[in-house]
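Given only the sequences and the hints, what does the whole structure look like? Please build it.
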Amino acid sequence: DAGVTQSPTHLIKTRGQQVTLRCSPKSGHDTVSWYQQALGQGPQFIFQYYEEEERQRGNFPDRFSGHQFPNYSSELNVNALLLGDSALYLCASSTIKNIQYFGAGTRLSVL
Amino acid sequence: SQQGEEDPQALSIQEGENATMNCSYKTSINNLQWYRQNSGRGLVHLILIRSNEREKHSGRLRVTLDTSKKSSSLLITASRAADTASYFCATDVQGGSEKLVFGKGTKLTVNP
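Read top to bottom, the protein sequences are chains A and B.
Quick note on my numbering: the first sequence kicks off at 1 and runs consecutively.
Quick note on my numbering: the second sequence kicks off at 1 and runs consecutively.
One or more hints might be untrue.
Simulated crosslink set (DSS-like; lysine-lysine; CA at most 27 angstroms straight-line) [as the list claims (entries may be wrong)]: (1) B:K26 - B:K70; (2) B:K69 - A:K26; (3) B:K56 - B:K69; (4) B:K104 - B:K69; (5) A:K26 - B:K70; (6) B:K69 - B:K107; (7) B:K104 - B:K70; (8) B:K69 - B:K26; (9) A:K26 - A:K97; (10) B:K104 - A:K97; (11) B:K69 - A:K97; (12) B:K107 - B:K26; (13) B:K107 - B:K56; (14) B:K56 - B:K104; (15) B:K26 - B:K104; (16) A:K13 - B:K69; (17) B:K26 - A:K26; (18) B:K70 - B:K107.
No lab work stands behind these hints: they were computed from the structure.
Here the structure is a predicted model, which is why all the values come from computation and not from measurement.
Here it is, written out as structure tokens:
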């Protein structure tokens with residue numbers, strides 16, 4: 001049984017570009033949450049998707065958007081990249097009100 | 001914003017010793033969870049304690065929760081070099097929100 005998978009593992013972009021990160025949830029999970037983890041910090045909640053809709057959102061600008069597909073996989077899009085967007089992006093899957101299981105993350109570097 | 005604050009920020013011990021990490025939080029919670037992270041990679045779920053529980057055990061892990069003090073502790077007994085990692089507490093705020101709010105973590109080093 002595959003766990004939460006994220007792609008790509010690493011990504012290098014330049015300021016102003018756009019990026020798409022992908023997440024496949026653990027089998028049987030229907031909820032996907034995205035977190036941003038800056039170096040030396042704890043993860044910060046970006047948003048959560050359930051039934052293909054954004055269910056909750058953290059304190060992130062509209063440059064951060066997402067999508068959930070009918071198979072429960074999800075994408076995180078970031079437009080107009082800033083240097084400060086450099087971070088580890090973590091995807092977590094769960095069933096509602098249950099433990100969130102995390103993927104290995106995508107490390108994004110913005111130059 | 002960070003809800004939980006772990007203490008200490010860093011902890012270095014010898015193999016076989018016990019490691020205790022503390023977490024404080026600000027608002028009422030449904031659950032408190034502890035996660036481990038190796039070398040900046042994904043988070044591994046360790047244990048969940050509900051707001052109506054006071055203590056929970058899982059293998060070498062013991063977690064306590066004091067809701068009156070808004071604090072929790074994680075005890076790892078008989079530590080091993082493989083326990084070297086960062087440990088985070090995460091809370092989901094009472095009131096229906098399911099987002100996890102993490103602290104900054106405790107970096108544990110277990111020396112062989």
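So which hints don't hold here, by number, going up?
-> Result: hints 2, 5, 16, 17 break, sorted rising.
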